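Note that the protein sequences, when read in sequence, are chains P and Z. Quick note: the first sequence uses the numbering used here, first residue 1, plus one each step. Quick note: the second sequence uses the numbering used here, first residue 1, plus one each step.
Think of the hints as simulated: they come from the structure by calculation, not from any bench. Remember, it's a predicted structure, so these values are computed and weren't measured experimentally. Some clues are possibly wrong.
To be verified - Derived DSS-like pairs: lysine-lysine, alpha-carbon spacing no greater than 25 Å straight-line:
id, chain 1, residue 1, chain 2, residue 2
1, Z, Lys33, Z, Lys224
2, Z, Lys195, Z, Lys219
3, P, Lys370, Z, Lys81
4, Z, Lys224, P, Lys310
5, P, Lys293, P, Lys370
6, P, Lys373, Z, Lys81
7, Z, Lys33, Z, Lys219
8, P, Lys310, P, Lys263
9, P, Lys293, P, Lys15
Unchecked claim - Derived list of chain P stretches under chain Z, where covered just means 3 residues or more per stretch with a C-beta under 8 Å from a C-beta of chain Z:
id, segment
10, 8 to 20
11, 295 to 303
What the hints assert, rightly or not - Distance windows between CB atoms, simulated:
id, chain 1, residue 1, chain 2, residue 2, range
12, P, Leu318, Z, Glu80, 28 to 38 Å
13, P, Leu362, Z, Ser62, 38 to 48 Å
14, Z, Arg77, P, Leu362, 30 to 40 Å
15, P, Phe268, Z, Ser62, 29 to 39 Å
16, Z, Pro43, P, Thr378, 17 to 27 Å
C-beta atoms are modelled at their ideal positions from N, C-alpha and C, and glycine is treated no differently.
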Amino acid sequence: MIHLAYQDIRHTLSKFLVTAMGVGMLLGIVLIMIGVYRGMVDDARILLNDIQADLWIVQQDTLGPFAESSRLHQDTQDTLKSLDGIDKAAALTFQNLQLYNRQQQAIRVLAVGYDPAGDFQPVSPERLIQGRALRAQHYEMVVTDKTGFQLGEQIALGRDTYSVVGVTRGTVSSSGDPLIYISLKDAQNVQFSYSNPRIRSDRARGIGGQQTQLVNTVVATLRPGYTPVAVASEIETWKHFTTYTQSEQATILSRNVIERSSKQIGLFTAILVLVSGIIIGLIIYTMTLEKIKEISIMKLIGIPNRLVIKMIVQETLLLGAIAFVFGNFFAHLIYSQFPKRVVLLWNDSLALFSVILAASFLASLVGVYKVMKADPATAIGG
Amino acid sequence: METGGIRVNNLHKTFGQGENAVHVIQGASFEVKPGELAALIAPSGAGKSTLLMMIGCVLDPSSGEIWLGDTQVYQNRWLEKDTRTLRREKIGFIFQAHYLIPFLNVLDNVRLLPLANQEPLPQVEARARELLGYLGLEEKLHAMPSDLSGGQNQRVAIARALATRPQIILADEPTAALDIERAHSVVQLLRQIAKEQRVAIIMVTHDERLLSYCDKILKIVAGKVDTLPPPETTETFI
Ligand SMILES: Nc1ncnc2c1ncn2[C@@H]1O[C@H](COP(=O)(O)OP(=O)(O)O)[C@@H](O)[C@H]1O
Ligand SMILES: [Mg+2]
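Chain P extracted, bound-state conformation (with noise of 0.2 Å):
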């Protein structure tokens, strides 16, 4: 039997592809929503991978550290090593800041403060591609290449002037920002201590002279043999803290810092979806009203619908299956030109694929609507 379709196609070859083209950058948005989705899940693991702690102790009745503000003395962390179970103990910080770079542009960065010296350490030696970690109690910087800072850079914060001595690759945090790495010290001082005239007030005022020192969480592992819950359950019946084990914090993060944006963005791909699902819908409608006084002779001499369906259902997956594939050509070409990260995943890819071949299938159906209703008398006119 003639193939029906493919002459068809093949006639009007330039104009299929430009057609299929155009929706196979939509398509190549949508995968690009996607990956921007996948990103954000990714990298809101980033830091939680990469201190691999068993517990979090946060200020009690509080979703810190990242999903809601906490505060902790920080001498929990010895409290916490003396504690059955408990294995390493360290105190970290977490504050957004602002730095600025040789051209004066404000950078957004998420500040780690850790102890060089302590148990934990979060810089992952995987993600470190130049320098070292931090190891000075003063004035180091681990930087991720993500905000432009040179190895070596100095970078003015506060009061003080810090050096950068490591780049790691990646690191960002839960919404996105560049991690920055300075020392427990370091973040103490710029996170909690007061400018001069608020430390000249308080002297005033005679409640200065604070020595306390603060951090947002407590990290810990355990020794073998302790379960997550069981050693959680035991620090919070001292009622001074909120414990999370790093599968809870992990749920924390998903659910109440990735969520919203994941809503958003899960809305608008079902919007493109469809919208793309509608046009080829169109496409397919204008492509079978082209053709109509075709298919008026062809059912007047007697071809059976079967093989006008046939042509204008193949022409339609067709249609599906070429845009995809230029959709993911076309995510590809452009997903590193995107300020935030894009993960493609061939699975979303598969799953696309077959949400565009079952709404191209829809979509011929308005064409086959039009192929049943065609009138064969009015083939000839006059």
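Since chain P is already given, all that's left is putting chain Z with the ligands on it; use the hints.
Frame of chain P; chain Z with the ligands shown alone:
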């Protein structure tokens, strides 16, 4: 005994209803035998296409009887459930040149219907090539309709109509788009096909110069069909 041909008895067609009713055909009766070329003539709007489409099982008549060969296909209603199968198997249609399928080449335009009829490919292939050769198109098998002249396309349309060996060929103004010389050669060809392939052909035409090739003239007068003999010469007949 020879089968084929067309017989129509007391056929009626009314478009619209009530006050808007247009009685286009009102009791048409005539016959075209196998091997005959009949011309269907009437002023524009008199119902030539309407009549042809009813015989072609495309348009539903209002009432009457139609026989294709020995088979009665219409008796105030279609006697076959699927009129499209009737068309596909018994009738060849020829229209003006631009009714070819534009995205199929000459050979495929001719092969499409017999292949849709599930005739075996080698047979269809041989028949299509034979017909196109017969019509002087052996050089143009793989040309697209848009690359051919009006006369060439008209011959492709004839080849397409013949490809399924129909008993009946219905041609609606097949020469309208052609100059007079090509028109003459197309009608001569139809006559030759009628004789050689024993097909009954009804051809709508406006051009009385072509009537002398025909075996009979069917003239629509006031919704009925008068059957007239062909003119002796092209000059005397108006
Ligand atoms: N679908 C239709 N609905 C209403 N009137 C129609 C329809 N088709 C044809 N007619 C009318 O029937 C008459 C005959 O039309 P037609 O058979 O096309 O004439 P011809 O082919 O002889 O020029 C015309 O008056 C036309 O207006
Ligand atoms: Mg007409």
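Structure-based check of each hint:
Distance hint between Z/Lys33 and Z/Lys224 is fulfilled; the C-alpha atoms sit about 19 Å from each other, no more than 25 Å. Of the supplied pair hints, the one linking Z/Lys195 and Z/Lys219 holds, its CA atoms being roughly 22 Å apart against a limit of 25 Å. As the CA atoms of P/Lys370 and Z/Lys81 are separated by approximately 22 Å, the hinted pair is consistent with the 25 Å bound. Restraint check: the Cα-Cα separation between Z/Lys224 and P/Lys310 comes to about 42 Å, which exceeds 25 Å; the hinted pair is violated.
The straight-line distance between the Cα atoms of P/Lys293 and P/Lys370 is roughly 11 Å, inside the 25 Å bound, and the hint therefore holds. For the suggested pair P/Lys373 and Z/Lys81, the alpha carbons sit about 18 Å apart, so the restraint of at most 25 Å is met. At most 25 Å may separate the alpha-carbon atoms for a hinted pair to count; Z/Lys33 and Z/Lys219 meet this at roughly 17 Å. Restraint check: the Cα-Cα separation between P/Lys310 and P/Lys263 comes to about 39 Å, which exceeds 25 Å; the hinted pair is violated.
About 19 Å separates the Cα atoms of P/Lys293 and P/Lys15, which keeps this hinted pair within 25 Å; it holds. Look at the segment 8 to 20 of chain P against chain Z: 4 of its residues bring a Cβ nearer than 8 Å to a Cβ of that chain, three or more, so the hint holds. Counting residues of the segment 295 to 303 of chain P whose C-beta sits closer than 8 Å to any C-beta of chain Z gives 7, which meets the bar of three, so the coverage hint holds. Range check, P/Leu318 to Z/Glu80: Cβ separation about 36 Å, and the 28 to 38 Å hint holds.
At about 40 Å, the beta-carbon gap between P/Leu362 and Z/Ser62 stays in the expected band of 38 to 48 Å. At about 37 Å, the CB distance of Z/Arg77 to P/Leu362 agrees with the hint of 30 to 40 Å. At roughly 58 Å, the beta carbons of P/Phe268 and Z/Ser62 sit outside the given window of 29 to 39 Å. For Z/Pro43 and P/Thr378, the Cβ-Cβ distance of about 22 Å falls inside the hinted range of 17 to 27 Å, so the restraint holds.
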